[in-house]
Amino acid sequence: ERGHSAAPSPEPRPLPHPRIPLRKMKSLRQRLEEQGLLEPFLKQHPHNQASKYFPVLAGTTSSEPLQNYMNNEYYGTISIGTPAQEFTVIFDTGSSNLWVPSVYCSSRACENHKRFNPSKSSTFVSTNESVSIAYGTGSMTGILGYDTVTVSSIQVANQIFGLAETEPGTIFYYSPFDGILGLAFPSISSSGATPVFDNMMSQGLVAQDLFSVYLSKDDKSGSFVLFGGIDPAYTTNGISWIPLSAETYWQITMERYSRRCQAIVDTGTSLLAVPTLALRRIYKALGANSEGEVSCSAVSSLPDVAFKINGKKFTVPATAYVIESDGFCSLGFEGMDTPTEEGELWILGDVFIREYYVIFDRANNKVGLSPLA
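Counting with the UniProt record's numbering, you get residues 1 to 373 for the letters of the sequence shown.
Errors might be hidden in some of the hints.
Stated by the list, open to error - Restricting the straight-line Cα-Cα distance to at most 27 Å, the calculated cross-link-like pairs of lysine-lysine (DSS-like) are:
1. Lys-217 - Lys-308
2. Lys-120 - Lys-26
3. Lys-313 - Lys-284
4. Lys-114 - Lys-24
5. Lys-284 - Lys-308
6. Lys-366 - Lys-313
7. Lys-308 - Lys-366
8. Lys-284 - Lys-312
9. Lys-366 - Lys-312
10. Lys-24 - Lys-217
FYI, nobody ran anything at the bench for these hints, they're computed from the structure.
Here the structure is a predicted model, which means the values were calculated and not measured.
Construct the complete structure from the given sequences, taking the supplied hints into account.
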């Protein structure tokens, strides 16, 4: 029992900085393409990136279309329960819930993924509370439970998470990940579930109340999420700190022309999502056709795209925003119209994040950007 041990319990800080390696794998889009299923799928389910952010901005329940993860390529491993059951997840700064498939889900898609079995965990605590996260292709419904969640060397006790009982549409069958670990704020969490990082902070499991993300370029390994620390090897070019404009997503204000707009730094979105009108202007300025395709030979002469944030310019070169696939080149932008009270919304996804070491600072509600060499 606590209080009866001979030695005083050590202070929880300073702590090691657990680094979660992220693997780069084929995206869901690539997998569907290989199976010849991409075109029929896109016909049936026209993609609307805005649906990830609309419900929260409208103050309704959480919605997170699985298509939003179509292009994602970075995945990490966590485990849940005692003994540990492993899952491949997307570490998503654009949502706040943790969910994984469970043995209560018997669909073909769930059977194709790791499924959490609560009866095999001695630390699992059940609830009667259900959770529903709406998806573009149906909804993930399930129940909420509590268990130990292990992220690298961090053991988070009594973490609430969703055990999926139904999965959103057949698309999930081909997805390279099992579930999602949300790293945004509690205010946008479905069912009011406490996010994993909030528990890490309140349980004193991180040295600092921040985490940082490095996404490697090309197919190199080395991508990671670092909980509780900043790796100085990635900040040699200095850190620009940007205050958050809302504690929902990792949302910041961006200056654009004479107006301000809002931008969300989102590891769970692979491209740069911009308002449709701006997208047309970008396509025109960069000489792309209406589908966003450009000649691969023209890439070397394309200019940097600059984002003005907090009075400073943050650039993304053509080598980053042009995506080459099977000899074709397209711009890594997609259209999305999500007006907010503070202006229209832009999403700075992985295309942007690969150019910067990004620090998500909960202690000071700021985002830090350090340009990578």
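### Query
Within 27 Å, alpha carbon to alpha carbon, are Lys-284 and Lys-308?
20 Å, holds
### Query
Does Lys-284 pair with Lys-312 here, judged by a C-alpha cut-off of 27 Å?
Holds, at about 25 Å.
### Task
For the pair supplied as a hint, Lys-217 and Lys-308, confirm whether the alpha-carbon distance does not exceed 27 Å.
Between Lys-217 and Lys-308 the Cα gap is close to 23 Å, so the pair holds against 27 Å.
### Query
Is Lys-114 within 27 Å of Lys-24, Cα to Cα?
The hint holds at about 19 Å.
### Message
Can you confirm whether the C-alpha distance between Lys-313 and Lys-284 stays at or below 27 Å?
### Response
Holds, at about 22 Å.
### Query
Has the given pair, Lys-308 with Lys-366, been kept, meaning a C-alpha gap of at most 27 Å?
Distance of about 16 Å is within 27 Å: holds.
### Query
Given the hint that Lys-120 pairs with Lys-26, does the C-alpha gap stay at or below 27 Å?
Given that 27 Å is the threshold and the Cα spacing comes to 31 Å, the pair is violated.
### Message
Can you confirm whether the C-alpha distance between Lys-366 and Lys-313 stays at or below 27 Å?
### Response
17 Å, holds
### 27 Å Cα cutoff - pair Lys-366, Lys-312
Answer holds: Lys-366 to Lys-312 is near 15 Å, not above 27 Å.
### Query
Taken at face value, is the distance from the CA of Lys-217 to the CA of Lys-24 at most 27 Å?
Roughly 10 Å between the alpha carbons, so the hint for Lys-24 and Lys-217 holds.
Hint compliance for this structure: hint 2 is the single one not met.
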